[in-house]
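Keeping their order, the protein sequence lines are chains A and B. If you read the first sequence in the working numbering, its first letter stands for residue 409, the second for the next number, and so on. If you read the second sequence in the working numbering, its first letter stands for residue 4, the second for the next number, and so on.
Wrong hints could be hidden among the right ones.
Claimed, not checked - Partial chain B-side listing against chain A, Cβ under 7 Å, derived:
no.: 1; residue: L64
no.: 2; residue: Q67
no.: 3; residue: F133
no.: 4; residue: S136
Claimed, not checked - To list a few chain B residues with every Cβ distance to chain A over 10 Å, as calculated:
no.: 5; residue: D116
no.: 6; residue: S145
no.: 7; residue: A146
no.: 8; residue: T169
It is worth saying that the hints were derived from the structure and are not from the lab. Note that the Cβ used here is the ideal one computed from N, Cα and C, for glycine as well.
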Amino acid sequence: MNALALLHAAPTLPCAPFPRRLLSQQDWALLAAHLAAEPGLDLLAMWADPTHIHALFHDPDSADIIPVSTAVEVGLYPALSPARPAAAWFERMIRDLWGHTAADGTDQRPWLDHGHWPATPPLATRPLPNLAAPEPLEFLPFEGEGLHQIAVGPVHAGIIEPGHFRFTCNGETVVRLEIRLGYLHKGTLGLLRGKSPRAAARFAARLSGDSTVAHALAFAHAAEAACAVAAPPRAAHLRAVMAELERLANHLGDIGAIVNDASFPLLQARFAWHREAVLRTAHTCFGHRLMMDAIIPGGCACDLAETGPDAIALLLDTLQTELPGLIRLYDDTASLVDRMQGTGTLTPELAARFAAGGVIGRASARPFDARRIPGYAPYDRLDVTIPQFDHGDVDARVRVRLAELAETTRLLRLLLETLPQGPIALPLPMATAEGIGWSEGFRGDIWHWLRLEGGLITAAFLADPSWRQWPLLEAAIECNIVADFPLCNKSFNCSYSGVDL
Amino acid sequence: MAWRHIARTLLHGPATEPAPPPDASDIGALAARLKSAAFSRLGRSLSLRQVDSGSCNGCELEIQMLGGIVYDLERFGLRFVASPRHADVLLVTGPVTRTMHPALIRTWQATPDPKWVVALGDCAIDGGVFKGSYAISGGIDSALPVDLVIRGCPPTPAAILEGLCTLIEAHARSPLKSR
Ligand code: SF4
Numbered sequence: 409m410n411a412l413a414l415l416h417a418a419p420t421l422p423c424a425p426f427p428r429r430l431l432s433q434q435d436w437a438l439l440a441a442h443l444a445a446e447p448g449l450d451l452l453a454m455w456a457d458p459t460h461i462h463a464l465f466h467d468p469d470s471a472d473i474i475p476v477s478t479a480v481e482v483g484l485y486p487a488l489s490p491a492r493p494a495a496a497w498f499e500r501m502i503r504d505l506w507g508h509t510a511a512d513g514t515d516q517r518p519w520l521d522h523g524h525w526p527a528t529p530p531l532a533t534r535p536l537p538n539l540a541a542p543e544p545l546e547f548l549p550f551e552g553e554g555l556h557q558i559a560v561g562p563v564h565a566g567i568i569e570p571g572h573f574r575f576t577c578n579g580e581t582v583v584r585l586e587i588r589l590g591y592l593h594k595g596t597l598g599l600l601r602g603k604s605p606r607a608a609a610r611f612a613a614r615l616s617g618d619s620t621v622a623h624a625l626a627f628a629h630a631a632e633a634a635c636a637v638a639a640p641p642r643a644a645h646l647r648a649v650m651a652e653l654e655r656l657a658n659h660l661g662d663i664g665a666i667v668n669d670a671s672f673p674l675l676q677a678r679f680a681w682h683r684e685a686v687l688r689t690a691h692t693c694f695g696h697r698l699m700m701d702a703i704i705p706g707g708c709a710c711d712l713a714e715t716g717p718d719a720i721a722l723l724l725d726t727l728q729t730e731l732p733g734l735i736r737l738y739d740d741t742a743s744l745v746d747r748m749q750g751t752g753t754l755t756p757e758l759a760a761r762f763a764a765g766g767v768i769g770r771a772s773a774r775p776f777d778a779r780r781i782p783g784y785a786p787y788d789r790l791d792v793t794i795p796q797f798d799h800g801d802v803d804a805r806v807r808v809r810l811a812e813l814a815e816t817t818r819l820l821r822l823l824l825e826t827l828p829q830g831p832i833a834l835p836l837p838m839a840t841a842e843g844i845g846w847s848e849g850f851r852g853d854i855w856h857w858l859r860l861e862g863g864l865i866t867a868a869f870l871a872d873p874s875w876r877q878w879p880l881l882e883a884a885i886e887c888n889i890v891a892d893f894p895l896c897n898k899s900f901n902c903s904y905s906g907v908d909l
Numbered sequence: 004m005a006w007r008h009i010a011r012t013l014l015h016g017p018a019t020e021p022a023p024p025p026d027a028s029d030i031g032a033l034a035a036r037l038k039s040a041a042f043s044r045l046g047r048s049l050s051l052r053q054v055d056s057g058s059c060n061g062c063e064l065e066i067q068m069l070g071g072i073v074y075d076l077e078r079f080g081l082r083f084v085a086s087p088r089h090a091d092v093l094l095v096t097g098p099v100t101r102t103m104h105p106a107l108i109r110t111w112q113a114t115p116d117p118k119w120v121v122a123l124g125d126c127a128i129d130g131g132v133f134k135g136s137y138a139i140s141g142g143i144d145s146a147l148p149v150d151l152v153i154r155g156c157p158p159t160p161a162a163i164l165e166g167l168c169t170l171i172e173a174h175a176r177s178p179l180k181s182r
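Just chain B, with the same shape it has in the complex (with noise of 0.2 Å):
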């Protein structure tokens, strides 16, 4: 029953972790960084919304496990929302196909200003392997100005977060940039 599941959590504490090995040892005092970086440069919560673009669907296995109970990305203030019209950040995977360049450009062309466009993966800085291939355009900088890149293959879960914390403190210390 579920009880039982709930009472023994409570017992036993979260299964959240600040900081895990062997990928994740500074989760903690990344969450510190992002905490106040998120809340004295924005005082609101910050809204992703993920866009893959071409991807090998390797990055988006690794987005997917933020939401997690281990590394449990809403604690910073920062979620997943479902459509680009509620977003802050699209966050975009792949090369840009051919194909799906019309929809990423309409996709951006819906979040709201100000935004900011961070590529994930190394497909997504420039084509990664796929590079020369007919059907891509490139990397994201090939339909969209990225804010941000997050190198890896796919980048593990505390890279993508130590990518998001980069991306609030370098616009605390700025002013904020509309295109």
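One chain only, chain A, in its complex shape (with noise of 0.2 Å):
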């Protein structure tokens, strides 16, 4: 029997649209070590609640989505970290919310929790107070002669989120980096308890606020899956022209801060300007420049003005005009290029095992895309292409931003061609289930599941593709010069507040 026999053979459980399996510990222990044996199966999220472990695997062949559950036994369940390494910051934030351990993880160190919060674990059904004092963070060990560590953040110095790098160094030469993140945690999977989805959507659009738009739709999707209600297709539509509005605005800001790390500030300037017209055409369609709360369980909360598909138009014949000059220019400019090409590179092998979404896993060779799963309206009816690039270093991801731009501006057109007439919301019942969302942002593939009794979210969890993201910036620094650290993280681009919860 293998993995995958494991969990075909397993009683599930009511979840839509994919049942979860229920393993025993005994079989998830089995699991975990068949999934050594075949590193086929994707590892796609972890989460806990106050008696079970779930993950979500991904089969590639048959693109089936598997989410798996074990019961916590005394506190400990069986690790998956030394089989899927993606799986160990999801087992430390694991402990440091709900209190259980993976027995035989690869790394027991807390995650979230930095020995600041009033009571702990938090999200346990009865959390103690928190008496200790916070201790300093414990960093992996080095040896070896002629290294040294550079220590930076959690407050950077430009404008970007808080987390702390720790570098260790041969000369200019990065060795290893080590991320800790966690500074971010605001609580949110705490906040969505108790709420109706309607109420709850507010957090998961805050989640990570440049994903806003993605965020708030797999959470829609969640929850509109657990009711068994489908958004109306012209909601469907408007949603996807949102999500299409956020992945523009943010390839053109990625591409823009990326080249700008190199020393290229024309081309950003002119990316940028891009940047602003795209917050400022989604203003005009939707009321917000970043679309937030725009999209609510059930549908949408604002109709598309009535001049938005002319600024839409506008935007597109505006950007269609400037890019290929721009692709021109950064192509020509050798001292650029040669900054892009083999710096930062992440190898296809890594980015496989770490089942790694977005821009990130398709300039490394993995054409994964989450508006290509089946039941993703209306994406079911576009027939998305996917760019792929194989040489996964700064160039390959500058190159797959560069080609979704022009994939996304067909789409756009393409929706606004074919947008249906009809309602923009229904109402949810109160339903007492079980669903899982996903949506495809400009990061990467995004999951949400949602508990609900009685039209109450009782237990949640919203996955950022970033926690398959970060480990890898750690894999695709080593033996890069620290100067080029900024280029290889901008060119990820990987939330901190989308992880940190």
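Assembling the complex is the task here: the two chains are given apart, and the hints tell you how they should meet.
As structure tokens, this is what we get:
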């Protein structure tokens, strides 16, 4: 029996649209053992509730999405991190929030909990008052001649989110980067409990502000799946318009930020100008530059403004007129391309081991895109083209973004041409059920899980793609020089707030 | 080639806009006010240090836009600096998470007097939607004395400019407070 057979043979619990498998702890341990021999099965996320551990798998062969759970016994469960390195951060987070320990987990140090919370574990049934003084973070040990450490953060030099980067270097060369996050932990999962999906959507929309549309969408999908309601066709279309505008804005911002870190502000200025144009168009269309709270469970909070289609058409025309010239400028500037190529290379093997999604995966030969998963209206009728590059360096990640700008432009035009008429929202029934929702944000695949009782949320998890991307940044920077870190970091652009929960 | 783009820019004039609709209708007027206030009061540029003490990053996105060619913050004599030791103003976003609390205080302590604190965004004012969470201590005033708040979730770049202008004007009228 292999891991997949084990999963398929397990009894299922109702969870829409993917039934949740329940494994005994022995079978879960067996699953962990099989996973080591079967690198193909992708681990997308892990989370917990007060009694169970949950994991979400993706089988690339059948394209199946498989949630699976096991009961925690005396505070313990068998670890998945020895077989799936991406599980390590999830296991540390699970212990900090729910108090369940992964037996034989590869890393037992705290993750989100830096020792400042009033009661721990905060999401356990009965958290205990935390009376201990916070202890300094413990970093991985290092030994070797001529090594030194550079500590950066949590407060960074730029206008970005806080986190701590600990570089171990040999001269200018980075030997190891260790990333420590958790500074932005706002207790979002706790705030979701006891609220209706409509009320809780505001928190999903603020998990990571740059992906507010994508997270609100995944959250709405999860709530709608649980309630067995589909958003009206017009709402699904409008949501896709918002999601593509968000992708456009972020890719433009990212490309500009990357070239700026290679000291080429001319291009950055143009890309930032186009980004501003997208934000203004979003404001014209939906009344908010980031389109925050425009998506609600059941549909959309607002319809497209009457002037919206023209504003978007003008935006796309302007972008399409200038973009080829900007790409040519990028290609023709040897000193710029030289900084990009061969810098921060992420091998396809490593990207696959971590099931990296989004731009990062697609730049390292992993064409996964959640818009291709069946049941994701209206993309199931749009035939989205997924760009793919194999060289995995900063340049590849820029080129994926450039290619996606073109594809997103095409999708936006198509969406506006085929915009159906009809209502933009439906009420949700007061359900007692579970649901999983997903969306493809500009960073990659987002997964939300909700459990409702009498229409109120009793447990939830919101998985940003950054969980499986941050650790790869640690790997990609190895053997690069410290001065190239900003470049690599911008080309990954992982979310801090999104994983700090 | 780069020269072609530079030539086009020279021909077409700067992209920096005084009054782009819809949300920045008074940037031109604002610019004039800001410039005269900053120069008459300070006689030099004002340095801002941004600190994220728990934001969702939405506020950062809009602050970043200020540096772009559309808003061009530096024309007002305002600029972002990399260290609190070079800053006059701390522009703080987000609720204060309990985990960021010590780092925020240390950043403030590292900022030389006289200094001002601007709480930017609804979260920074009172915790925003995160009010009541176990993981936050509240708005910025739960950690630092706040001189000015800028509302919005997130505030638009125009609203941020407006707020910074208010800060400078207020201090132009009264003697500098030193904390
Ligand atoms: S005010 Fe709004 S945009 Fe700013 S940090 Fe808070 S939730 Fe995010």
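Here is how each hint holds up against the structure:
1. With a cut of 7 Å, the hint placing B:L64 at the interface with chain A holds, because the nearest CB-to-CB distance is about 6 Å.
2. At its closest, the beta carbon of B:Q67 sits 5 Å from a beta carbon of chain A; the interface hint therefore holds under the 7 Å criterion.
3. The beta carbon of B:F133 comes within 5 Å of a beta carbon in chain A, closer than 7 Å, and the hint placing it at the interface holds.
4. With its C-beta approaching chain A no nearer than about 4 Å, B:S136 sits inside the 7 Å limit, and its interface hint holds.
5. Remark: the non-interface label on B:D116 is consistent with the geometry, its nearest Cβ contact in chain A lying 19 Å away (cut-off 10 Å).
6. The beta carbon of B:S145 sits about 13 Å from the closest Cβ of chain A, which is more than 10 Å, so the claim that it is off the interface holds.
7. At roughly 12 Å, the least C-beta separation between B:A146 and chain A is larger than 10 Å, which holds for a residue marked as non-interface.
8. Against chain A, the non-interface label of B:T169 holds: every CB pair exceeds 10 Å, the least being about 21 Å.
Of the numbered hints listed earlier, not one is contradicted by the structure.
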